[in-house]
Amino acid sequence: KSVMNPKRCAACRYLRRRCPKDCVFSPFFPPNNPEKFACVHRIYGAGNVSKMLQQLPVQTRAEAVESLCFEATCRIEDPVYGCVGMISLLQTQIQKTERLLARTQAEITVSQIKHSQNQHSEFM
Amino acid sequence: MSSSGSPSSSGGGGPCGACKFLRRKCVPGCIFAPYFDSDQGAAHFAAVHKVFGASNVSKLLHHIPEHKRADAVVSICFEAQSRLRDPIYGCVSHIVSLQQQVVSLQNELSYVQAHLATLELPQPPPATVTSSGSLPPLSISDLPTITPSMYDLSPIFEPMSSTWPMQQQPRPSDHLFGVSQSSSIGGGGEFQAIAREFLHGGQMSAHQPPPETGGSAPTVIKRE
Numbered sequence: 029k030s031v032m033n034p035k036r037c038a039a040c041r042y043l044r045r046r047c048p049k050d051c052v053f054s055p056f057f058p059p060n061n062p063e064k065f066a067c068v069h070r071i072y073g074a075g076n077v078s079k080m081l082q083q084l085p086v087q088t089r090a091e092a093v094e095s096l097c098f099e100a101t102c103r104i105e106d107p108v109y110g111c112v113g114m115i116s117l118l119q120t121q122i123q124k125t126e127r128l129l130a131r132t133q134a135e136i137t138v139s140q141i142k143h144s145q146n147q148h149s150e151f152m
Numbered sequence: 008m009s010s011s012g013s014p015s016s017s018g019g020g021g022p023c024g025a026c027k028f029l030r031r032k033c034v035p036g037c038i039f040a041p042y043f044d045s046d047q048g049a050a051h052f053a054a055v056h057k058v059f060g061a062s063n064v065s066k067l068l069h070h071i072p073e074h075k076r077a078d079a080v081v082s083i084c085f086e087a088q089s090r091l092r093d094p095i096y097g098c099v100s101h102i103v104s105l106q107q108q109v110v111s112l113q114n115e116l117s118y119v120q121a122h123l124a125t126l127e128l129p130q131p132p133p134a135t136v137t138s139s140g141s142l143p144p145l146s147i148s149d150l151p152t153i154t155p156s157m158y159d160l161s162p163i164f165e166p167m168s169s170t171w172p173m174q175q176q177p178r179p180s181d182h183l184f185g186v187s188q189s190s191s192i193g194g195g196g197e198f199q200a201i202a203r204e205f206l207h208g209g210q211m212s213a214h215q216p217p218p219e220t221g222g223s224a225p226t227v228i229k230r231e
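Order-wise, the sequence lines are chains B and W.
For what it's worth, my numbering labels the leading residue of the first sequence as 29, then goes sequentially.
For what it's worth, my numbering labels the leading residue of the second sequence as 8, then goes sequentially.
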């Protein structure tokens, strides 16, 4: 019978194993958020995440975990495109906004020319 | 990616790139065979395997309709390569960079549209008329300073915000933008390059990154 250690991190609880003191997951997967590890494990697998984190400097691991969680969540929501879908969406948005910006700037130019011409004709 | 020669399936042309990498027999109906040919496919699969693992990708592909799997493989390869190039942020840094661009452009657009509205109004009595009587030219220094302190993808990806784990964590700080500046991901060009490699042999569908009305795309795309 294994004693349930309430201090196990979410990863070790999910994996049903002891949570060692130097557990690579525990700083980033607190026990009060089991979904976070479940999400990452589903897409990458615990072994891959562990390897990736161990290859990173300690001070960068928190950011790495957040980005992995983000990408994993995107992939679960959209199994076909994952977060690449978001990239595509943003690129489309950028293109549309650039076109609108160009058009508006052209309208300003036209308006300024008309204004100049009107002023010129008033002075004549 | 797929050569124009024989299909990479295990019908007799040797193992597919994935099975070659895994050093296993490529069985008929191998889930990877249509997408990883035995040449460059092995290199692409190596990246995918390192980040996601073969069994995870296999499970993922099995749950995707067959006609969508080619797109899925391209996006998975893109994410895997992004993650190997930037082990900390993967392709998230590129997303942040793009979102910055969107915010910057939208601010610029608002400013320019406000300026246009001013021009199109009936001319009020001149309060600060210049000697030339014309409006001062716009310059970059006139634009409002954009200093977003945090990035927030929720306006773009609202349906996911309720399940987004990052919401439960402190938001990324400014230094994330610094990282995004150094992102090695080429963005759309990068993705297109990967897609072209896969589609070279014409074996897979010529699907581009998801259209705005993609069937399996998340709700946010439909909102576009």
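Be aware that one or more of the hints could be misleading.
The calculated lysine to aspartate or glutamate pairs, modelled on DMTMM-like cross-linking and capped at a C-alpha distance of 25 Å, are [stated by the list, open to error]:
1. W/66 with B/63
2. B/124 with W/46
3. W/57 with B/135
4. B/35 with B/126
5. B/142 with W/73
6. B/142 with W/46
7. B/124 with W/127
8. W/57 with B/50
Per label pair, the in silico range of CB-to-CB distance [stated by the list, open to error]:
9. B/75 with W/72: 27 to 33 Å
10. W/34 with B/83: 31 to 37 Å
11. W/73 with B/75: 25 to 31 Å
12. B/124 with W/35: 45 to 51 Å
13. B/55 with W/70: 30 to 36 Å
14. W/66 with B/138: 56 to 62 Å
15. B/88 with W/66: 26 to 32 Å
16. B/75 with W/34: 21 to 27 Å
Derived by calculation from the structure, the hints in this document are not laboratory data.
Remember, predicted model here, so these are calculated numbers, not experimental data.
Every residue gets a Cβ at the ideal spot worked out from N, C-alpha and C, and that includes glycine.
Verification of the supplied hints:
1. For the hint linking residue 66 of chain W to residue 63 of chain B, the alpha-carbon distance of about 20 Å falls within 25 Å, and the restraint holds.
2. Restraint check: the Cα-Cα separation between residue 124 of chain B and residue 46 of chain W comes to about 39 Å, which exceeds 25 Å; the hinted pair is violated.
3. Pair hint residue 57 of chain W plus residue 135 of chain B does not hold up; C-alpha atoms about 52 Å apart against a cutoff of 25 Å.
4. Among the hinted pairs, residue 35 of chain B with residue 126 of chain B is inconsistent with the structure: their alpha-carbon atoms are about 52 Å apart, more than 25 Å.
5. Annotation: proposed proximity of residue 142 of chain B to residue 73 of chain W is violated, straight-line Cα distance about 58 Å (limit 25 Å).
6. A threshold of 25 Å between alpha carbons decides the hint, and for residue 142 of chain B with residue 46 of chain W the separation of about 62 Å lies outside it, so the pair is violated.
7. Between residue 124 of chain B and residue 127 of chain W the alpha-carbon distance is near 23 Å, which keeps this suggested pair within the 25 Å criterion.
8. For the suggested pair residue 57 of chain W and residue 50 of chain B, the alpha carbons sit about 24 Å apart, so the restraint of at most 25 Å is met.
9. Distance hint check for residue 75 of chain B and residue 72 of chain W: the Cβ-Cβ separation is about 29 Å, which falls inside the suggested range of 27 to 33 Å.
10. The hinted window of 31 to 37 Å between residue 34 of chain W and residue 83 of chain B holds, with their beta carbons roughly 33 Å apart.
11. Our hint of 25 to 31 Å for residue 73 of chain W and residue 75 of chain B holds, since their Cβ atoms are close to 29 Å apart.
12. For the hinted restraint 45 to 51 Å between residue 124 of chain B and residue 35 of chain W, the CB-CB distance of approximately 46 Å keeps it satisfied.
13. Separated by about 32 Å at the C-beta atoms, residue 55 of chain B and residue 70 of chain W satisfy the suggested range of 30 to 36 Å.
14. The given range of 56 to 62 Å is respected by residue 66 of chain W and residue 138 of chain B, whose C-beta atoms sit roughly 58 Å from each other.
15. Hint check: residue 88 of chain B to residue 66 of chain W, Cβ distance near 29 Å, so the stated range 26 to 32 Å holds.
16. About 24 Å separates the C-beta atoms of residue 75 of chain B and residue 34 of chain W, a value consistent with the hinted range of 21 to 27 Å.
The structure fails hints 2, 3, 4, 5 and 6 (numbered hints given earlier, in ascending order).
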